[in-house]
Amino acid sequence: MKPITLTPGQLRAAEVLFWLALASTFFLAPDHRTLLSQIFIFGLFAVALDMALGYAGILTVGHAAFFGAGAYTAGLLAKHGWGEPFSGLLAALVVAGALGYALSYLIVRGADLTRLMITIGVCVLLYELANRLSAITGGSDGLQGMNVSPVFGVFEFDLFGKTAFCYAFGVVLAMFLLVRLILRSPFGLALRGIHDNRKRMLAIGSPVEARLRMAYGFSAAVAGVAGALLAQTTQFVGIESIGFNRSAEILIILVLGGTGRLYGGLVGAIVYMLVHDWFADLNPEYWMFWLGIFLIAAVMLGRGGIMGALSRRIRTKEHAR
Amino acid sequence: MTMTKRSLLAASAMAALACIAGAAHAQDALKIGLIGTYSGPYADYGRQFDAGVALYLKEHGGKIAGRAVEVIKKDTGGANPDASKRIAQELIVRDKVQILTGLDFSPNAYAVGAVATQAKVPVVVMNASSSGITTSSPYVARLSFTVQQVSDPMARWMLRNGTKEAYVVVADYAPGTDSLTAFKKAFEQGGGKVVGELKTPMSNPDFSAYVQRIKDAKPQSVFFFFPSGVMPPAFLKVWKERGMDEAGIKLYATGEATDDSYLDATGDVALGLVTSHHYSYGHPSAKNQKFVKDFEAQFGTTMRPSYFAVTAYDAMAAIDLALKKTGGDASGDKVMEALKGLQFESPRGPIEIDAATRDIVQTVYIRKTEKVGGKLVNVEFDKFDRVKDPAKEAK
Amino acid sequence: MGIVLFDGVAYGMLLFLMAVGLSITMGLMNFVNLAHGSFAVVGGYTAAVLMNQAGLGYAAALAAAFVAAALLGAVLEFVFYRRLYRAHPLDQVLLSIGVVFVSIAALTYFFGPTMLAFHLPPALQGQFLLAGLEFSRYRLFLIVCGVVVLAVLMLAMGRTRYGAMVRAAVDNQRVAGGTGIHVQRLFFLTFSLGCGLAGLGGALSLGMLGLEPSFPLKYMVYFLIVVCVGGAGTITGPFIAALLVGIVDVAGKYYLPEAGAFLIYVFMIAMLLLRPNGIVPKKGIA
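Note that the protein sequences, when read in sequence, are chains V, P and Z. Numbering-wise (the numbering used here), the first sequence opens with residue 1 and increments by one. Numbering-wise (the numbering used here), the second sequence opens with residue 322 and increments by one. Numbering-wise (the numbering used here), the third sequence opens with residue 717 and increments by one.
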């Protein structure tokens, strides 16, 4: 099949179409609004992971540490009187970002495998910490009593998920544009250079470690915002948000979507969560079997995830991502 | 004559229409959303829920309070409050269920409780055992048990039996902490002394360090709480291997250690263990014997009914009785009112839904694991009647 | 103290037995096989079912577990894994996770979600007395097995032609192929061997760990810790790492129970920061 060629203009139109299509699901699938808002949130989380994994090349299965940190930040704020949603997001961004940057000093050393285990270790330790501090976090029972104020003071979080959808969609779109800005900036190009050929970047004097640390910090910050979104839209923080299983799940989502590509995380989240939900409805006991087959098929049929497969079919006139 | 005949005709027509309308209303299926775990390591829970529900419906011709029942079951894959909340919302908004039930994990129950309050839909909890669940929402009633409810009586029984000191071992998660607190409170209140505490991580392949530590401390007795599953058998294996019984240390636990679903697989290491819980498969009442017989007839003998299945069965019974009281009206407030104070006989014994707290009031039995007819059974030999959740009583 | 050390060593041996196969496959084929635990649990189920239902003896059950897991490994290697040797590690991760999901669902389907019963043979139950202290028979057996497997692997890798070929392929795959070594066949055999070892480890673990379908997900982290801290691709590396992990875990839980689950992960992070390439960095399988 001959690859389709698109001009940058057409590409941009495709992007706008994509977002419009997502927004329209508000009207087209009114019964699935909560599922959709969770898809957006996990899509953002996957995009955040992609910053670290796909762009900076840091292999990590511990990103739920930042997702959870953001969730607990927003959760604790909402529980103890400060229910304004946007400032909660901001606080989560700052806390998660700071945590990410602090931990980045550990991450930038050693080989892939070492980094992988360190990120897992840190994630598990934070989980244990959240469990230990159950008086503050609610432990394994979860954080309850969150009182999130209405968005803009007007839109309450309702049973039908309308506010949650719009809020999540808006924030995810905004954060996505921010991430895109960062990744298309000189900083982002430096990251790609480091990913492609680290030695060369060192040779041209690029501060590789500092760049990787910044990338990791940004990635953590965005993951934190995703976590806070989930906390605010569900008004609950389960300890699973900070657990290893969540890290593994988001990795699966990202790899399925395709790493190193801007839309990989979003596409992965849409496909994975819809497929999971569909299989779980069909067969609550054995959906895992079908999902496993789906994942194996996805890998055997094409490399680089869905976006990888797409990129083989669609070429752009200029080499602009 | 014609007038009377016509009016008679009209009257009978009206009556007929009313009957049809009434029958149509009665035929409106009652939709119940069952939120449980059907996949993953805890898939047994969902399986047991299904079995209990199916058994009750079979006994009652598939009807509750005269209405046909449609049970929509959804999987959460374990403790997953985000998914549970979303599923509850979808069940209410999309599938238009009138009642939510299931809920094996406490975080799931808390998350669903919040939805219940918003939507004013009654929730009948089939397992989650965190004390605060019934307080978190006025639309939640619980048919299962609380951790404190089964730990507290064990402490009292141990004291009654002459045990003066206890070493407490629990799994390090919320129910474990709850059990420790409740046990300690009751034990110390009665003059006993807790000589040591251990909180083991949930993921703990090897118990040798903990058991050795206990062996070196040489307490008079040990009380433990682990979630039902692989932890109790692992602990018991090491316990037996180290010869703790021979060293004279008595062992007590809550009934999760000898959960009927896992008892066979646990094997002989559980023999002689004294536990406290609200249901034993070997409970000698006529109702339970019938329940077990019907269960085995329908599901075979490989899967034993555990307290999950019994609670599911009772939850359906509670919904049935409540709807009979409200005359078929399934609106949230009416059903909750009807559930309060409900008393009936369960295969486990007599149970009641406390009118004030909407929590379960039931008999807690002290049992010993013995071989009966070649199979391991928790044989009840003592009990505490009408136990309420101590954590709420204290407030 | 002696008992705690003994217990720690035994636990470490168990981890080694289960994880050494992973070190071989990861080191040789650079394939991140997260489904390693699935082979272990298949071995466990094989042993349990044969002992419970066919009345097979323990030794025979262990052998059967090895064979069953090795066969499964061979089949999966042939059908799936060999196509992904040159693929991106993340694609390999996705494949192995797919395999894990399928294996968990399949085992649940055949054996149910709850635990399967397993009883150690009477010879291995209970304790024996030595120097005034009581030691567990089963744990002694684990230590013996671990040492035996270590010795056999070292001999196989160090003294046999096959071992020489494996070491060559680990050092430099292309040159090894150039000298006429049939690398694909080597991978096939070694992967099967690694999976067989996992199966053996899984069967041996039944005296301590519970046998249930979600076993692969629960214990994968421990295998990864042992392999990464020890040095993927070596045999002595994971052996030492497993010993350390076992001792730190058991001693930690004995002396500092409040530290609970923290200790082993703090230890792991510390070790990885100190020796990022593993205790025994890969210089070839030695």
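Hints may be right or wrong, so weigh each one.
Here are some chain Z residues pointing at chain V (derived, C-beta under 10 Å) [as the list claims (entries may be wrong)]:
| hint | residue |
| --- | --- |
| 1 | Gly771 |
| 2 | Leu787 |
| 3 | Val791 |
| 4 | Phe794 |
| 5 | Leu811 |
| 6 | Val937 |
| 7 | Leu940 |
| 8 | Ile941 |
| 9 | Leu972 |
| 10 | Pro973 |
| 11 | Ala977 |
| 12 | Ile980 |
| 13 | Leu989 |
Since the hints were derived computationally from the structure, they do not count as laboratory data. The C-beta atom is built at its ideal place from N, Cα and C for all residues, glycine as well.
How the hints compare with the structure:
no.: 1; hint: Gly771; in the structure: violated, 31 Å
no.: 2; hint: Leu787; in the structure: violated, 19 Å
no.: 3; hint: Val791; in the structure: violated, 14 Å
no.: 4; hint: Phe794; in the structure: violated, 13 Å
no.: 5; hint: Leu811; in the structure: holds, 5 Å
no.: 6; hint: Val937; in the structure: holds, 7 Å
no.: 7; hint: Leu940; in the structure: holds, 6 Å
no.: 8; hint: Ile941; in the structure: holds, 7 Å
no.: 9; hint: Leu972; in the structure: violated, 14 Å
no.: 10; hint: Pro973; in the structure: violated, 13 Å
no.: 11; hint: Ala977; in the structure: holds, 5 Å
no.: 12; hint: Ile980; in the structure: holds, 9 Å
no.: 13; hint: Leu989; in the structure: holds, 7 Å
Checked against the numbered hints above, the structure breaks hints 1, 2, 3, 4, 9 and 10 and satisfies the rest.
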